[in-house]
Structure formats: C-alpha cells, structure tokens
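Residue numbers (our numbering), protein chains in the order written: chain A, 1 to 419; chain B, 1001 to 1104.
It is possible that part of the hints are untrue.
Said to hold, decoys possible - Cross-link-like lysine-lysine pairs, in silico, DSS-like; alpha carbons within 30 Å at most:
id	chain 1	residue 1	chain 2	residue 2
1	A	280	B	1057
2	B	1057	A	239
3	B	1099	B	1070
4	A	199	B	1027
5	A	199	B	1090
6	B	1070	A	274
Think of the hints as simulated: they come from the structure by calculation, not from any bench.
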Amino acid sequence: MKNLLILGAGTAGTMMASHLRRKLPKGDWTITLVDRAPDHYYQPGYLFMPFGIYSEDDVRRPMSRTIPRGTVYREADVDRIDAEANRVHLQDGDEIPYDILIIATGVHPAPGQVEGMVDGDWRKNVHEFYTFEGAQALTERMKSWQGGKLVVHICEMPIKCPVAPLEFCFLADAWLQKQGLRDKTEITYVTPMSGAFTKPVASGILSKLLDEKRISAVADFAIARVDAERKAIVSWDEKEVSYDLLVTVPPNMGAEMIDRSGLGDELNCVPTDKHTLQSKAHANIFVIGDATDCPTSKAGSVAHFEAEVLTENILHFVAGEPLRSRFDGHANCFIESGHGKAFLLDFNYDQEPVTGTFPLPAVGPMKLLAESRLNHLGKMAFKWVYWNVLLPGLPIPFVGHKMSLRGKKIPPKELKAAA
Amino acid sequence: MPTKTLAGTPVDTDDEGYLVNHSQWNKDVAAALAAEDGITLTDRHWKVIDFIDADFKERGVVPGMRRMNKVGNIPTKDLYALFPDGPIKKAARISGYPKPVSCV
C-alpha cells in the first residue's frame, strides 16, 4: 500500500481527499488526513456572525460529517515534516510515512506580531473576525455597542479573503442603520494599501462605495503598534487613528510547523510552483490553498479551482508523467455590500477584476463588479454549496478552474497588453 | 515612456519614476534617484539597497517588509528612518527596480 498524506482538513484538504479518493484505487492507496481541530468551520460565515445573520451552527460541523468516506482521519498536532525521510512527526510521538504529501495547513491571524495588540484591550475593544472564537467575541461586543469610533483595519498584506474587511464596513453600515446607531457611529477603514482594494478597476468602484456610505478611508497606513491605553493605532511614521472599537485583521501567518520543518518563507508559507502546485523544494510534496506563496487571493474559491488542477497533477505524478495541468490564479469572490446586495469579482494572475456578466456573456445571470440582489443570493446560497458540493468534490456547473474572459468588459488598454 | 538623464546616464522610467530597465542602473544613478526624494545615501541605506538587489536577483520580486526584517535583518523602524513615507516603494525605486505591488 502507498500512502497519500494530507495535512490540514480545512476547505482545501477536505476537497483534495474527496477528489483523490474517487481517483486513486483503494487497493493501492491509503489517504490520511491530519488536523488538530475536532470541527470543520465554514470560514466565509464568520463575517456574518457579528451582525446576527449567521449563528454558530451555520458555520460549524463536526469533522465526522466532512471527512470523506474511505479516508483515514487523525486528530493530532503536527510537530514537523521530515521531507528528506518522507515522514511526518506528530506531537504525540507518532510518525506517519508518506509517498505523496499535500500541505493544506492554511494561514491564521497572528495578533502577537503587532506590538501591543494582544495587551490589555484584546477581545475587549480590539477584535478580529477571522477565527470562530474571534467572531464569537465580536458578536458579544457588538450587542453592547452604543456608538462611537468604529475602526476597521488591515495590518498587512497578504490576508485571506482580502475583501472581507470592506464587506465588514458595508455590513456594519447597514446593521447600524437598523439599530438606529449609524448617526452615532463614525466608521473608518484603515488599510496599508494605497486604495480600497489591490486591483485598480475594483479599487476605484469600491472606494466610491465607501464614500456613498459615509465611511472614511485612511490609506498607506503601516501599523507599528496598538496603544491600548490611549485607544489608538499608531503607524511607523507616527500617524494615529483612535478607536472605541477596533476590528482588525492581524498579520496572516502559515502554520508554525512549516517553520519548524524548514519549509517556509518569512510568513511560513511554502514556496510553490504557481502553475503546477508542486512545492519548489521536494517533488513529492504538493501545496494547496492559503498555505502556498502563490500570488493570488487566499480564498476558498482559489482552493476550489486549485483542487481540480492539483488532482490532475497528482494523477500525472503517480503515473510518472509531466505535471500537465496548470493553475491560472483564478479567484471568484462575492462582496457583500449591505441591504441584501452584493458585488462579484472574477479574476486570475493576469486579469484584474472588471465589469461584465457571469458566468455567461450577456445572460449572466450575475453581474461582475456591480451591485445586485442576485449576487447577494449567490453568496447566501454558497453556504449550502460549500457543505454539499464543494467539500464532497462535486463540480459546479459553468465555473471551471480556468478563468473565462467571456462576459468580461476588458478596458481597451488591457486587451492590448494581453495580446 | 519618459527618458531622463541621471548622473550623466540616460535612463528610461515609467510614469512614477521607476526605472524600466535595470541595466541602466548604477551607484551614481541610485544616488541621483535618492536625491530626488531628498535622501543622501549612507552605508546604512546601501545595506538595504544591496539586500533588495540580491533578493530581487534571486526571486524576481522586491522583498516585502517581513522579508526585509527576517531575511535581511533590517528592522521596520530603521527602514522608516532611512526612507521616510513608504520605505519599500522608495527603496525599490532607488534600487532601480519596479514599484512593488501587493498583488492579491
């Protein structure tokens, strides 16, 4: 028997196990998943918890319901990967040998990386919504909100789901209106980037939306420390933004185990071929999802498209063939804009998000980079799709891993550059 | 594409003043680019520029802040003191490399 070992049973790891269990003969290959958590979390749902749109039950399921049949699950902490010996050491002392290893350990918020962030005010007036515990704590804090300065803040890039902080602003604006607290609340969006988003066309449209919703933006803000006593964030060049409630996105780091194994970069992400998803250092180690250093969004949709490519490439690898399937950086993100509407972005390594229709030209039915009710329904329906289609590795109609230019309105300058 | 003469060398730049062709870069050009930002280059500046240069040649991208800290051993505080207001962008321009993009 040969062993295919997957570290991390989140979105990417679970999808890989689902795909590969169907493709690799059961008599030849054991598929083992290792994760430290007893539950699987629908991470896109955290955003909705503070506004009472989702409850804890919407975003959490026991692993026993998400681990694919025919695979082995080990709930354990990984101590380190010994890539030379093709073995993974667990913290309980056990070792698991592998023929092929897939690293799907993601990234997590690391608030300790910012001076003063976890002192004093943490989980009191300084919050994050990228973990289940963080979203729970923020939900409680929002219940007692009476108005004041709400600061939504990104520490540094890259982060997972780079649009989520903007969505938080838009949803907070709508929620505060309902509570009758909008006029008593000043919302400020603080980002280390030069604009609202990383890509120019989307950035222009989204900053206009911030203006319309009376959300002020502070750009080019590189945080040096949180001053909990004075309730302010301070930048390296001594700019200050004061808060009553700070909702921050801490630096995102890969698993410490990656660092202990000597396989990571400065963020503990694994240097990965951005097209084949093979690790650069070891031929039998593959990387998927947030754990890679690929220059595309850290997002579930990216992991979904990567999973299709990586499944094909692992089959090529098993057959001793060249890794012919290539990932193009395809990402597809809904942006909740409040009041039951949403935007949709579709882009890849080379094509920035533009306007148009999706997934079909003219017909849509969804609109790209424009606000619509249907986009919002798409985002809400996605929770069902996630649990019932994505994790079991079933295909989504009309949406392939290769980004399609059909339906996209590309500005003439870019078409020339692409030609 | 604008062309200008820096330290006696003609160089091509983009609209934001970043060199388009690194082969047109040398130490005198760096000093002239720094002067445009009101910076006089010292050994401490050169430690940063040399790291960016070596790292770009190895990886093909301008290193980010965390990489400067961890791999280059250059604290963020120093970078802000040496290259005020956006140290990575400024240091990249003076080093003759493209404007760093946070790509995701």
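Within 30 Å, alpha carbon to alpha carbon, are residue 1099 of chain B and residue 1070 of chain B? Between residue 1099 of chain B and residue 1070 of chain B the Cα gap is close to 21 Å, so the pair holds against 30 Å.
Measure nothing beyond the straight line between the CA atoms of residue 1057 of chain B and residue 239 of chain A; if it is 30 Å or shorter, mark the hint as holding. violated, 34 Å
Satisfaction of hint between residue 1090 of chain B and residue 199 of chain A, Cα-Cα up to 30 Å: holds, 21 Å
Given hint residue 1057 of chain B paired with residue 280 of chain A - CA-CA distance at most 30 Å: Holds. Residue 280 of chain A to residue 1057 of chain B sits at ~17 Å (cutoff 30 Å).
For the pair supplied as a hint, residue 199 of chain A and residue 1027 of chain B, confirm whether the alpha-carbon distance does not exceed 30 Å. Since the Cα atoms of residue 199 of chain A and residue 1027 of chain B sit roughly 33 Å apart, the hinted pair is violated (cutoff 30 Å).
Within 30 Å, alpha carbon to alpha carbon, are residue 1070 of chain B and residue 274 of chain A? Holds: residue 1070 of chain B and residue 274 of chain A sit about 23 Å apart, inside 30 Å.
Of the numbered hints listed earlier, those contradicted by the structure are 2 and 4.
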